[in-house]
Structure formats: C-alpha cells, structure tokens
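A.B. asks: This is what each chain is made of:
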Amino acid sequence: MEKEFQHHLSRMPENSAIKQQKLPAHRLHFSNQAIFTIFFATGAFCFCIGIILLLSAWKVQEIEINYTNICEDCAKMRENALNFDKQCTCSIPFNLQKTMKGDVYMYYKLYGFYQNLYRYVLSRSHNQLMGKDVRDVKDCAPFKVTSNKIPIAPCGAIANSMFNDTIILSYIRSTSEHIQVPMLKTGLTWWTDKYVKFQNPSFRNLSDHFVGTEKPPYWQEPIYELDTSDPGNNGFLNDDFIVWMRTAAFPTFKKLYRRLYRVKYFSDGLPAGNYTFDISYNFPVTKFQGEKAVILSTLTWNGGSSIFLGLAYTVTGVFLWMSSFALMAIQGKMRKKKLSHRR
Amino acid sequence: MFCSKKKLLEVERIVKANDREYNEKFQYADNRIHTSKYNILTFLPINLFEQFQRVANAYFLFLLILQLIPEISSLTWFTTIVPLVLVITMTAVKDATDDYFRHKSDNQVNNRQSEVIIDSKLQNEKWMNVKVGDIVKLENNQFVAADLLLLSSSEPHGLCYIETAELDGETNLKVRHALSVTSELGADISRLARFDGIVVCEAPNNKLDKFMGVLSWKDSKHSLDNQKIILRGCILRNTSWCFGMVIFAGPDTKLMQNSGKTKFKRTSIDRLMNTLVLWIFGFLVCLGIILAIGNSIWENQVGGQFRTFLFWSEGEKSSVFSGFLTFWSYIIILNTVVPISLYVSVEVIRLGHSYFINWDRKMYYSGKATPAEARTTTLNEELGQIEYIFSDKTGTLTQNIMTFKKCSINGKIYGEVHDDVERKKEITKKKESVDFSVRSQAKGTFQLFDHSLMESIKLGDPQVHEFLRLLALCHTVMSEENNAGQLIYQVQSPDEGALVTAARNFGFIFKSRTPETITIEELGTLVTYQLLAFLDFNNIRKRMSVIVRNPAGQIKLYSKGADTILFEKLHPSNEGLLSLTSDHLSEFAGEGLRTLAIAYRELDDKYFQEWHKMLEDANAAMDKRDERISGLYEEIESDLMLLGATAIEDKLQEGVIETVTSLSLANIKIWILTGDKQETAINIGYACNMLTDDMNDVFVISGNTAVEVREELRKAKENLFGQNRSFSNGHVVSENKQQLELDSVVEETITGDYALVINGHSLAHALESDVKKDLLELACLCKTVVCCRVTPLQKAQVVELVKKHRNAVTLAIGDGANDVSMIKSAHIGVGISGQEGLQAVLASDYSFAQFRYLQRLLLVHGRWSYFRMCKFLCYFFYKNFAFTLVHFWFGFFCGFSAQTVYDQWFITLFNIVYTSLPVLAMGIFDQDVSDQNSMDCPQLYEPGQLNLLFNKRKFFICVAHGIYTSLVLFFIPFGAFYNMVGEDGQHVADYQSFAVTMATSLVIVVSVQIALDTSYWTVINHVFIWGSIATYFSILFAMHSNGIYEVFPNQFPFVGNAWHSLNQKCIWLIILLTTVASVIPVVTFRFLKMHLYPSLSDQIRWWQKAQKKAKPTSRRRPQTRRSSSRRSGYSFAHQEGYGELITSGKNMRVKNPPPTSGLEKTLYNSTSWIENLCKKTTDTVNSFSQDKAVKL
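Going line by line, the protein sequences match chains A and B. Residues 1 to 343 in our numbering are what the first sequence lists, from first letter to last. Residues 10001 to 11192 in our numbering are what the second sequence lists, from first letter to last.
Just to be clear, a hint being listed does not mean it is correct.
Below, a list of computed lysine-lysine pairs in the DSSO-like style, where the Cα atoms sit at most 27 Å apart [said to hold, decoys possible]:
(1) B:K10094 - A:K336
(2) A:K19 - B:K10094
(3) A:K98 - A:K59
Please keep in mind that the hints were generated in silico from the structure rather than gathered at the bench. Please read all numbers here as calculations on a predicted model, not as lab measurements.
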C-alpha cells in the first residue's frame, strides 16, 4: 500500500512555481497617468535636446568650397587617363568673413563616390595592411597583381582609388604676404586603426620590405614614399591612407584631411581675411559625374553636429506633446461616454 | 502501387483450407504487418527527401546553394548552413527513434507464436508465417492472429466467446459459433488436417460487422456470415480452445484495413505560416526585382563610368547581367525575413507548452495516478481554437458504472436521504451506509444510504420481498463461481448487472440457472424456481418478462420494462399506486437516473397451460410467426400488478456538467458520438445538460432508407425555419454554393435552442454526398447533436464532414478503440487515459484521465498557447522585417551592390543569440490573464475560434510595423550621418560605424519592443531581456577587440569600431532618437486601441486592477439544472436474443471453466469486479434489423 502511495507521488507533477506557471511576475500594465507622464517627459526631453543640438549646430562655422567646376580645366585634363603624369594645379581664393575660433579642421568631400559598393569594400588585404605579409593579395580582386604578375602593395580597389589631391591653405595677410597655414597631417585617425589595423612591415628601411611589390596602378608614388619626412606617417601608417581606407557609408562623404596647427597667427583659430586653396588636382571625379569640395569647419561639444539630428529631435518632441494631448482628449471623451452609459 | 493494383483485381477471395500451393496462386498478402516507414538503407534518402519537401527546408537548401556561388554570394555560407544542418539532424534523429519503436512493435507482433496445422501436425509458427488457408489453433486469452473462419471449439455447439475491445472498444463478450458441420471436427487434428473446404468470400474490406461468403465442403454449400468469423485483434475468452481457418491475413485483415493511416497533423497556424512564408518569398522576389532593376539602371548610368575608374576594368559585363546577379545576391541578403530560427523557435515554444500540460497538477488524476500528457507536441496552439468537440459517451462522459440508486416499492421511496440540509449534496462518506455485512455474498462497495429498506426486508414486507425476488429472477444474467467460491455474474447489460447485484445485496441472491430453472437464495434459504417461459426483450416491447413456478406451485409472471409501456399493461386496481409511482419516476428522472417499472402477475395454472400451448403452436407456425408470438406476449403481459420502480444511475464522470456548461459558454459545440442506443445517448445528453427541456425542439432522425432520412431532415429544417419566419426568404434563395456562406447568417437568425439526434443507420444515408450538406446545415444550427449507434468509421466521417465543410477546428475525445478513427481524423484527438484499453490514448494527441480536464486543457492551456504563439509570431515577423528591410533602403545608397548594412556576424547571431531568448520567454511564459480568469470567463476563448490574434490582417500590421521600424532605423542614422563629424574632428560616417550604430539601435529598439509586448514579467523574462542586451554588447566588444583581429583579421575587420563609435555622444543620441521614434507610435496605437476597442482580456485586466485589493470573487459555478422530463429506458444497452440463448441452454456450461488469466486479472481487485462486469456493454454496431438475424 505504501509502495503504491509512493508510486502515486512520483507521477504527480512537481509543485514548483515554474511547472505550475505560477512564477511570481509583474503584469505590465500602464495606467493612463503613467502613459501621459511618459509621453510628456519624453516629449520635453526630446524637445530640449533638439533645441540644444540646433543651437550648437548653428554655432559651428563651416565653409565648403566645391572646386569641381572651379578647376574645370584640370578636371577635363584628368578625364583623359593618358595625362595621368601631368601636373595640374588650381588656386581658389576665398574670403573668411568671421574668425573661425578654436580648432579648425580641413576636410575633403566627395559627391557621388560609391565607397560602399559590396565588392569595393571587400577588395583589401588585412594581412598586407597589418604588415604581416605584404605579398598577401588574396582578397584584393581586381587589383591583386599588375600585368607582370607582381603583387600590388597596397592591393585592392580601395587603396587604388585613394584620394590624392594635395590641398594647401594659404592666408593672404596682404597682397604680398602669403602665409601657408600650418596644418597637422597626423592625428586624423582612430587609435586602433593606427596601431592595430595598419602596421608597416618594419620601421626602418621601409622600401626594402616592399621589394617584390608594385604600387597600385593609379598611384603616382609607391606606398613607402607617401610621407618620407615622417616615418610614423609613412607606408601603411600614413594617416591620409588610413582615413581613405576607412570606407564611407554613403556616396557623399567627407573625410578629415588636415588639422589646424594653432601657432602664431592661428593660435585662436583662423582669423578673418582672404585665403586661397592651392590644389594640385589629381583625383578625377567628373568622369563618374562626381564632385569634390574642400571644407573648413569648427567643432562643438558633440562634434560637427548636423542640423538634421537637432531638427529630428525637436520634431519628435513636438509630435510627442501633440499626441499626448490628443490621447488625453480621446481618453477623456471615452470616460465621459462610459459615465453617461452608466447613468 | 502494387497493393492498390491487387486490390483492384480482387473482387472475391477463394481460399482452400490446408492447401498452401493452391492459395499461393492468388498472391494473397501474408500475415506480416509493416507499420514502419524506413529501414537502415532507405532511411537517409527517404527521410531527407521528406524533410526537404517541407517548404521551409527546401527554401533554405536553395539559399545555401545560392550562397555557394561566388558571383552571387553576398553573405558567407555559414550563416545558413549551421542552423539548417542543426534543424535537419534534430528532425532526423526524432524520426529515426520513432521508426525504431515502430519496428520493434512490428517485430513483436510478427513474432508472436501461434499453433498451425502443417503437415497434419500442430506446429508452432510465427504470426508472420501464417498463410491464408492455414488452420490455426487458438487458446483461451490469446490474441487472434488473422481473420479466421471458426471451425470448431471446446464449447458445445461450436460456440466461442471473444472480446473485441481492440476492434470496436466493446469489452463485453461476444459469441461466435461455428457451422455445425465443421464443429463436429472438434479437436481431431487428423480430421482437421484433412479438411479441404473452399471458402469463396468478399474481398478484404473494413466492415467489421459484415461478412459474406460460402463454404463448399463435401459437395454441399454453407453460407457464412459475420457470426462465424473471428477477427484479428480479438481475444478469445472463456473458451479453452478453438480452431479456425485463415481467410484474411496481415494487411488484408479487417483490423488493419480499419486502421486509418496516421495523418501528419498540422495546426491552422502552421498552414497560415506556410502561406505567409510563400507570400514573403514572393515579396522577397519583388524586392529583389526592384533592386535588380535599380542595379541595372545604376550600372548603366553611374557604374559604367565608375567601373573603369575604380575596378572591373577587365570585365565587360553588361548592366543587365549585373542586375541578374544582384537579384540573387539580394535574395540571399533578404532571406533573414524568414529565418530558420522561426521554425526552431515555434517548435521550442510548443514543446514548452506541452511540458506545461504534462506538469499541470490540476490535470493530474490522483485516483488513477495519471497526469495529463501531451503526446503530440506540435498542436498546442490549436487547442485554443477549437469550435467543435466530438465526444464519445461511454467511459468519456460517463464512468460506465451503473449503480442502483433508489427504488420505489409500493409507493414508498427507498434510497432517499431524508436530511433536508444535505439533501441535494453529494452523499459524503461520513454518513453511515447500510451495513451489508450480514450478507455473506454482499459486495463490499455497494452503498445505499437508507436503512429503511433493510428494515422493511427484516420486517418481511411481502411487496418488498416480491420486488427483490423479481430483480433476482427476471434478467438474462449468467452466474458462475470462481475458484475462490465467489459468485460472479456475466452480464450483457450493465443495468441488469446493477439490478441483480442490488437484489443480491439485499438478500435475494441469484445463484445459478439452467434452461429450466433459476435458483436464488432468499434471505438465506435456497429456492429453485421453474422457468416456464422467457418473454424476451426487444425494442418494440421495451420490456422483458419471465414466467416462473415457485416451489409452492404458484405461477407468476415477473416483468420489468419501460414505465410508459408497462403502465399501460397494469390492472385497473393499480391506479392509486400508479400515480404515486409515476411521481416518483419523474423525480428519479429529474435527477438524471434511469428508471424501470417493475410489475408482476399471478397466473392460474390452467390459463398458463392454454397460453403455453398457443405459444408452442405459434412457434411452430410457418407464417406470421413473429406476429403471433408477440400477440401472445401482449396477451399474457396484461393486468399486471405494479410493484414499483427502480432508478439506476449511469454515473457521469466527475465535473462533466460543469465542463460542458463552461465549454458551451466558450462557444464550443459539443457533439456526442456513441455506439450506444438512442435512448441511452439521449439520456446522457439530458444528464449532462446538453439536452434540456427548455429546448425548443429535439429532432430525431432515425429513418432506415435514404428517402426517409432526407424527408426527416427536410422536415426538421422546415420546422426550424418555420419557427423563425424572418429567415424564410433567405432559405428559398439559398443555392448550394452560397449555402455555407449563408450558414453564418442563418445561425444568427435562428433563435432558441434545438437539438438533433441521429441514428447510425440514418447517418449512413445522411452522409451520402447529396444529403450531407443538409445534415451539416441542420446539425450546425442545433445547439447539441447526438449521434447514436454509430460505427467507428462513421464517427470519423462525421468529424471529417465538419472539418471539411465548416472549416472549423475540431477535437475528438474518447477512451476506446472505437474512438481511434475519430481521434485520428479530428484536428486534435484526446484520449482518456487510465482505462484498460490503450488504443485511444496511443492514437491521441493529448491524454488525461478525466473528461473535466478538457476544460482546463482548452480554456487555460489552449488559450494561452494560442495567445502566446500569436504574440510570438507577430513579434517575430515584425522583428525580422525591421531587421532585414534596412538592406533594401540601403540598396538605394550603395549602388544596389548587395552590400549589407550590418556586419556578417551580426546577421548570423541576431536571430540566434541577440533576440531569440526574450521572445522565446514571452512565447513560453506570457499570460494576459490568469488561469483562474480564463476558467471563470469562458468567453475569453472566443478570439481563438475567430482566429483574431494572428491572421493575414494581423500579419500585415506586423509587417507594416516592421517596415516602419526599418525606415526609422535606417533614415534617422542616415540623416544624422550625412554631415556628421566626430568629437575629435575625425569623420565617423564610415561604413563600419554606420553598421555598428544600426545594429545597436536595432537591438535596443527590438528589446524595448519585446519589453512592451511582454505582459507577464517573470524573473526569466528579466534575465533574458537584460541578458540579451548585455550579451549583444559583450559580443560586440569582443569581436571588435584587438586580440581577435590579430588572430583572424579577415573574419573580424571591425576592430576598434565599437569602442570608437559608442564613445561618441551623437551616436547615442541617434540610438535614443531611433528608439523613441520607433516605439512611441506603437504605444500610441495600442493606447488608442485599448480605449476605443477594448478586448475582453483588456477589460478583465482593468477589472483586476480595480479589484486588486478585494478578494478574488468566488468562482462562478455553472448551475446544474436537471430537466424533469421522465426518460425511462429499459432498452439501454440491452440486446435482444439472450432470452432464447438462455432457454435453449446453449450458453450453459457443463462444468465451470478453469479460471482464466483474464478473469484473474479482473478478480485481482475484488472490490472492483462489478466495474469490470459492467464494463462496456454497448450494443453491437449492428442496426436493429440486423439484431434479428443475430439470433442464435
């Protein structure tokens, strides 16, 4: 009998909260007040953020000069691939009406350049760029090797298409005094890019380590001559190169080119006055109906904040307030209806 | 193929006994059975083939192949193959184990031993080697190996007893008897071996109750019918041996012919999901085409010039070809709209729900120590959508225990508890029951709570004595004594068993009978009555009588029968008593008891002798024999003296009434399908409140021909519509095709409750194609439908009919083998477990011990499952549309180059790791209202029936939600990134940062959404939701770390990205804005919906909140009304013909048979032998007309 009793017990499902679906739980159910509070609070928050962002975006000083059409001659010349070794410079004067205070950054901006094409993004060799094996060009199709079967370094479509205009900003204090604005060409990249992702095969005798490789077909000088003056900025470690290799998300993008070196006249930023951009025009864009521009810009607390985000926040905030009022009205109406029903 | 060809050929079967060579010519199937699907060699190909027939698997295989083509591949191959292989292996292992067990059971059956006469010797042979034409010897309690023609048996007249539980679920013994020519063969092996009769008979079929054939032997022909056939699956009982000749073997046997193929059941959600997946696939193709066209145009306009400058300089591919490739690439990228994890998750959730069913203590029956069991784990959500329940009666609604409850003797009610307070309550055990211990033969469990009857007996009240004497004399029960000296009754109707047992307990013990005498023990003294005549029961008479001469020489006629019939036969002097008894009968009936009236008549010798002579003449007469006999019966059964009435309870299972009431409140229609008689079925219908006297009309269809049935249906319909004049116009217009659409209209216009009772033989005609629709229409308009005397196959047909034409979800519940076909064909089959037979449980999808658990299974588990599954699907589709469609938007900004927005790893892990667990937790644990609420408020069940929670409309809403989210997800970061610069002046608008921003926003948005969707936050939900977000960030940082990059630079090129991007304030501002913008509209819409169109569960939740402090209200008990109309039914479960069997003495045993193992089993627990006795004695499935032919 007792045995049988135990047998019964063993088949009896266990009385645990989880098995009986009785786990202590919180039933998520917002009251009307809670929902209105959330709506109003979120709305207020979004609206404030939006206003702050807009204000700070307006504080940013930015000059963008699109030089595609200004340098029409050079553009035409570059359309013909045969002229690749010819130099073409173009000078663009402009007037800065207000001093750009603080750090000033110089960007180049490309329009209609698709750096996000699937095959384009893939066409690079991480092994090569890490300096592990400069001859590893496995993933670099279609720019793996030259016609002589010599591996390309740096290989791949991204590297090959590197932006190679040189932009020099000059400050014209007077008609006779042209001062080249001092610019820094380093510190443009992420730490991980500079110290992990990109490594030269060696610090010394860089050119030796690239023996047996060829420069990319569209390049004018080999990788180890990108910046001969600074070994820390040469080879794969060249900041311009690294910046270019971090492919942009959209076909219109700007990339950091130089930072203002705040010395002498420029310790407070760029003083108002006349300037010229001297551009050695190497990068053809008209061929694919693209455009290029150079940008000078200051920053705010959250970087070069764009108006879009501020606007979006403001609109969201306003929308939230409006909808919460609408909801309150509807809810009130429903309550009245219910009350009248009860009567 | 081969089988069906042969079937076509076989129109009749010719079998020659003991001649294997002769029979081999016909290539009859041998006795080996196969229920398994595979063997070792065929397993892999067949199983894989079957698996890839599933749309989803085939689709993923196709994707995998696409991914292996380098020109197209836009995602690495491991994103698809890992989950696919996992899923397929899991399914294959499950199939293999299932089939292994099938092999095992096949082998076990095929290797059973039987004795066969080979070469004039009795030899042991395995079942599978038994051939058609062989002569097989069976012993007591053995399973019958094949369909046999009974040749001879140990019993006189070639009788043998079989139990057909496995075939039709009836556990009472049936009699088969051999032809007299063959029964002479006896056990003489040499003669049997020389037997060379040729049987010509019908081809194999599935009709259990029919057999037609002719045996030609020794130049004479003998016709064969079902009475001479023992079918495979039967068990030989109470017969020490018999010989039979194999007619049908293996797959040709009626048992195998009847076992319908187990269909793979799918839920309607499954089917909907398949359709949706196809739609989504179509949608994908559309997106692919748009993007491919975009790509062609782009290549033409922009890419062409770009190519020469950037790359592709060597290739001269046309833009059209590029577009073609892009199409496939995008198909691969966008396939995550329907990830494999959807199918896996659905299975996991269902499994979880199944475990909850198994674990539910409230569905555990301690009486039999049986927990509920979900035998199929793939149907749970369908439990929340049931519209029709088809229920067996015996053993399901009723306990199949007949108890003698009350009686009225000479105008006095006995058995009533005269305690006003407790009057209507269940009699508790505290109350002292009548002490029967003085009776040596009394049965232990018998309880009658009235001492006054005992006192009356002791006082020697002659009426009471006569009453009990009648009960002990007038019946067809057979008695026997087992080894232990205990008296055992063989009853063929449990009602009689109850009555005879009652008499026994009150001291009038039926001891034994011979064809001429009945011996009973009257309060300790043995009295032998001479049995002069036996006026047998039939359906028209609805009564039976015996005429006996007591030792004192008095001749008495004892009669019991339906009150309505018997009351007409009473002597006029009975008037006073009649009205009193009549009141009592009404009272009994009001309590749902089955009643019988009891009367006697004293006959004088001379009159009886005359009558007896006339009877003998009538018996000998050639023409109008039956009429003359019944005339004589009428004559002598007149001027009866009323003794009283009995009331027997056909005990309902516990809680049946509450369950039925509650389920009807949930708008579920319950149909009773039973093999029992019409009266019994109707009675039970009343007893469990499915039929009530408040009903406007109860239509009874019992026609015997197609014309009659049609007419009856038409009349019923007219009647129904006549009372609802408003509809009459619509009815005339109704065309066949519009019929079904009209039905819904009709249902609303019909007011009042109707019920339909239909007989099995009428059903056979009604199920014919042209009447089918009328029947269905009528049946669906009725509140209750009762089908009685239906065969197992008809049960299935009825289910199929409703399933097919009503497009409704059906559930069949039953306990016996006769319910198997119905259980198999319904969407969901439920078996009552804890009974002796296992067939129903084995065929079922769910099993539990008590009918009342059905309420919890449907209203709680089913509702939750459906609710959870729908919520899960809505969320899952939303999530994946939001996840995937950003690729589409991105396509417009990346030259349609099939660039993904996210990191490949993110795509691989998103569905498996980052977002799987929270939604699984919701799918498994979520509760909108508590189980108590859903039990108390059956109306909550309706959304499931109407398919409201997940349908095509809901799907489109989810998809729209997903699309909206994907738009927000893409365009807010897009706008922000357009001109964005990092805090240190560096540009952050690079592809990788964008990918990280998008991925992070997506994970957060989707997690916030699931947090809002989860309405029941348990610890598990907390852990999973917060854990998923935490996991996302930890995996993100791990994969973007320096260490992993240095080891696998090609696999993890996002080094440092997480760190740099997520350090930027503006990235977080983007993520925040994205979250707010994608969630707020949803909250708004839900708020509006809740206020403008609140659902019932919303209201309950409000109410709950308001009442939180107050104690939960007392459970609403559905009131248990009993109707008061009187339904007397002697006819219950009684079969004609036994009287003759008794008087002829055919079934009298010369000696008591040795106790058989089967009997031992039943005796094992001596307290419950009455239950076994009264087991299931439903009638044979034969129709009335056939009953006569059955006469022995």
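A.B. asks: Does B:K10094 lie within 27 Å of A:K19 when you go C-alpha to C-alpha?
C.D. replies: 25 Å, holds
A.B. asks: Given the hinted pair A:K98 and A:K59, is their alpha-carbon gap at most 27 Å?
C.D. replies: Answer holds: A:K98 to A:K59 is near 12 Å, not above 27 Å.
A.B. asks: Next pair to validate is B:K10094 with A:K336; report whether the Cα-Cα distance is within 27 Å.
C.D. replies: Cα-Cα ~59 Å, so violated.
Consistency note: the structure conflicts with earlier hint 1 alone.
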